[in-house]
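Asks: As a plain string of letters, each chain reads:
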Amino acid sequence: MNNYIKAALLSFWNSKIRAILNLSGVIIGVTAVTTLVSLGEGLKVEVSGLIEGFGTNVVTIANGNIDLEGGASAGTMNPANFVATDIISLDDISDLEALDGIEQVAPVSLVPGKVTYADLQSSPIIMGVTGNFLQTFEVLVLKDGKMFDKNEKDAVAVVGPKTASALFGDKDPLGEKIFIQDTEFTIIGLSDEPKLSDLLGSEYSNIVLIPFSQATKLNGGELSISRTIVKATDTANVDETKDKMKALLIDNHGGEEDFTILTQDDLLGLFDDFVTLATTMVTAIAAISLLVGGIGIMNIMLVTVTERTREIGIRKAVGATKRDIMFQFLTEAVLITMIGGLLGLLLSFAIGAVVASQTPLTPSITPGIMILALGLSTLIGVIFGLWPAMRAASKDPIEALRYE
Amino acid sequence: MISLENVEKVFIGKINVPVLHEINLFIKQGEMVALKGPSGSGKSTLMNIIGLLDRPTAGTVTLGNEVISLDMSDTKLAHLRSSKIGFVFQSFNLLPRLSALENVLVPAGYSPSKKNTSANRTRAEKLLTSVGLNHRLNHKPNELSGGEKQRVAIARALINNPELILADEPTGNLDSKSGAEVFDIFTDLKKEGKTIVIVTHDDHIAKSTQRIVNIRDGRIDE
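Chains A and B are the protein sequences, given in the same order.
Just so you know, this note's numbering puts 377 at position 377 of the first sequence, and the rest follows in order with no gaps.
Just so you know, this note's numbering puts 411 at position 7 of the second sequence, and the rest follows in order with no gaps.
In short, the hints are calculated from the structure, not lab data.
Please note that the accuracy of each hint is not assured.
[What the hints assert, rightly or not] Below, a list of computed lysine to any residue pairs in the SDA-like style, where the Cα atoms sit at most 25 Å apart:
1) K418(B) - S394(A)
2) K16(A) - K480(B)
3) K6(A) - S517(B)
4) K395(A) - D458(B)
5) K544(B) - V303(A)
6) K217(A) - K395(A)
7) K150(A) - D234(A)
8) K322(A) - S473(B)
9) K322(A) - K595(B)
10) K594(B) - D621(B)
11) K146(A) - Q121(A)
12) K244(A) - A118(A)
13) K544(B) - Q121(A)
14) K595(B) - D606(B)
15) K6(A) - K611(B)
16) K395(A) - D606(B)
17) K395(A) - K595(B)
18) K611(B) - N428(B)
19) K395(A) - L484(B)
20) K322(A) - G576(B)
21) K6(A) - P500(B)
22) K217(A) - T183(A)
23) K195(A) - F271(A)
24) K611(B) - F587(B)
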C-alpha cells in the first residue's frame with residue numbers, strides 16, 4: 001500500500017498544476033458543503049441561545065395554522081391567516097388570563113411608520129404592548145425610568161437604546177417627546193441592550209414600546225394582534241398549558257384552528273427544519289459541483305492512463321498484476337480528490353474566519369464536517385477513478401510496451 | 405528449464421494470422437541462447453510466449469517445473485513473471501520519474517514473496533554496484549548514458565533473483581563499447597547459472613552465445 005501512495009504522490013507532484021485545475025470542481029463542491037453546513041451549525045447554536053434566552057416557559061400564539069408535524073392537516077391551512085391580524089380577540093386575551101397555569105398574557109400589536117424627534121427620524125419596530133410585556137418577554141429589561149401600567153391609556157413610550165441614541169444622542173431621553181404619525185408620545189422609560197447575542201437580538205435594541213390602546217388608535221382604531229406572548233407559571237406544565245390554551249381558543253373560534261401555539265421547543269424544531277431544508281438544498285447544488293469535479297478527475301485520470309501506457313506495460317512485464325495496476329491508479333485518483341477535499345476544507349476555514357470577523361455569526365467546523373468533507377472527496381475519487389483504473393489494469397502488456 | 409512443445413500462435417482478428425508453427429524448443433538451465441531472425445519472423449512473439457506475456461494458441465509451455473496452461477489466469481502469469489523471469493529491453497524501459505535505485509526496486513514491490521523493503525534496498529544497491537553503478541544510485545534515467553541505463557535495467561531484471569533472463573535486442577541501442585560491456589554482464593550471469601535468452605539480429609552477439617536458434621517464417625531452423 002505504501003508503494004501505491006508513494007507512486008501516487010510522485011505522480012501528483014509531477015502534474016500538480018493540471019491536477020489542481022482539474023480539481024477545482026471538487027474544491028468548490030467541498031468548500032460549498034463544508035462552509036454552508038458549518039454556517040448552519042453556527043446559526044443553530046445562535047438560535048438555540050436566542051430561544052433559551054426567551055425563557056422556556058414562554059409560549060407564543062401566532063396567527064395562522066403552522067403545521068408543526070406535517071401530515072394530514074397540511075392541506076387545510078389557509079396562507080392568508082399568517083398575515084391576518086384579526087384572529088386573536090380581546091375576549092381571547094381575557095379568557096387566557098383566566099386560565100389555570102398562566103401567569104401573564106401579553107398581546108403585541110405592530111404599528112407601521114417612523115418615529116420623529118425635532119427634525120430627526122428613525123425607523124424602529126413600534127410595538128403596542130400591555131404594561132406586563134417586560135415581565136413576559138424577559139429579553140427586554142428596563143434600564144432607566146419606568147414601564148407604563150398594564151392598561152395605560154396615555155401617550156407614553158419606552159424606547160430601546162439604539163433608538164434613543166439615534167434620536168437623542170447623549171441626551172437623557174426621559175421626558176422627551178417624540179411623534180409617531182401625528183401623535184405625540186412622552187418617553188417615560190429606556191430599555192437596556194437586549195440579553196441576547198448580537199446577531200438575533202439587535203432588533204430589540206431599536207424598538208419603541210407604546211401602550212396597546214395607543215397602537216390600536218394608530219392602526220385606525222382596528223384591533224390588530226400579530227403575536228401574543230404567554231408566560232406559563234411553571235416550565236414543567238408548558239405542554240399541558242399549551243393544550244388547554246388550544247382547546248380554549250378553538251372553542252372561542254367556533255371550532256376553527258386558525259392560530260398556532262408555539263412553545264420554545266416548537267420554535268427550535270421549526271428552525272431545525274428550516275436549517276435542514278436549506279442545508280439539503282445547498283447540498284444538492286454542491287453535489288452538482290462535485291459531479292462536475294468528479295468528471296474532471298475522471299478526465300485527468302483517463303489522460304494519465306493513456307500517457308502512462310508504457311509505464312503500465314513495464315510494470316506488468318516485471319510482475320504487476322491487474323489488481324496492482326488498478327490500485328495504483330485508484331490510489332492516485334483518491335489521493336488527488338483527498339487533496340482537493342483538504343484544500344476545500346482549508347478554504348472553508350478561511351471563509352469561516354472571514355464570516356466570523358465580519359458578522360456576528362460564528363460558523364463552526366465540527367469534526368463531523370471535516371470527516372464529511374474528506375469522506376465525500378474520497379468517495380468521489382473512488383467513484384470517478386474506478387473506470388480509468390480499470391482501463392489501466394486491463395491494458396495488454398505487449399501492446400502497452402509498444403506504445404510510444 | 406524451458407520447454408516448448410508443438411507451440412502454435414495465431415493472431416485472431418478479421419483475418420487470422422498464423423505467426424508460429426510447430427515450435428519445439430528446449431533450453432537447459434544455465435544455457436545462453438540467441439534467438440535470431442529477421443523482423444517479422446515471429447521471434448518477438450516467441451519471446452513474449454517464453455516471457456509469459458502472451459499465451460500460445462496451442463501447444464505446451466513449461467517453465468522450470470511450472471506447466472503453463474492455455475487458460476492460466478493473468479494474475480498467476482504475473483506472479484510467475486515476477487518470480488521466474490527478468491526482462492531486459494532494447495529501449496531500456498526504465499520509469500523516467502524514478503531514480504536508478506527505485507527503478508531496480510519496482511519488481512520487488514510486485515513480488516508475492518519478498519516484502520521486506522530494507523533487505524530489497526540492500527540487494528538493489530548491491531546489484532547496482534555489481535554492474536558498476538554505485539555512484540549513480542539516485543540518478544534519474546535522463547541523467548544516465550545508454551549503457552548505464554541498460555545496466556540499471558539488468559539490475560532490475562535480477563532483483564527478484566529469477567532463473568531466466570530474457571533480453572530483447574539488449575545492445576541494439578548501444579554503441580559497440582557499451583554493448584560489449586553489457587554483453588559481458590550477461591556472460592557473467594551465465595557463469596552464475598542463470599539461463600539467458602537473447603533475441604537479436606546482430607550476428608556478432610549471436611555468435612558469442614553458445615547456441616543460436618534461427619527463426620524464419622514462424623518456424624525454428626536451428
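Asks: Is K395(A) close enough to L484(B), meaning Cα to Cα at most 25 Å?
Replies: Cα-Cα ~18 Å, so holds.
Asks: Is K217(A) close enough to K395(A), meaning Cα to Cα at most 25 Å?
Replies: violated (86 Å)
Asks: K395(A) and K595(B) were given as a pair; does the straight-line alpha-carbon distance stay at or below 25 Å?
Replies: violated (37 Å)
Asks: Below or equal to 25 Å on CA atoms is what counts here, so check K217(A) against T183(A).
Replies: The given pair, whose Cα atoms are some 10 Å apart, holds under the 25 Å limit.
Asks: If you draw a straight line from the CA of K146(A) to the CA of Q121(A), is it 25 Å or shorter?
Replies: holds (24 Å)
Asks: Check the hint pairing K544(B) with V303(A) against an upper bound of 25 Å on the C-alpha distance.
Replies: holds (24 Å)
Asks: K6(A) and K611(B) were given as a pair; does the straight-line alpha-carbon distance stay at or below 25 Å?
Replies: Violated. K6(A) to K611(B) sits at ~44 Å, over the 25 Å cutoff.
Asks: Holds or violated: K6(A) with S517(B), Cα cutoff 25 Å?
Replies: Satisfied, since the Cα-Cα distance of roughly 21 Å is no more than 25 Å.
Asks: Are K611(B) and N428(B) close enough, with their CA atoms no more than 25 Å apart?
Replies: holds (22 Å)
Asks: Is the Cα-Cα distance between K544(B) and Q121(A) 25 Å or less?
Replies: violated (78 Å)
Asks: Check whether the Cα positions of K6(A) and P500(B) lie no farther apart than 25 Å.
Replies: OK: K6(A) and P500(B) at ~15 Å, within 25 Å.
Asks: Given the hint that K195(A) pairs with F271(A), does the C-alpha gap stay at or below 25 Å?
Replies: This hinted pair holds, its Cα atoms lying about 20 Å apart.
Going down the numbered hints, you'll see the structure goes against 2, 6, 9, 10, 12, 13, 15, 16, 17, 20, while the others check out.
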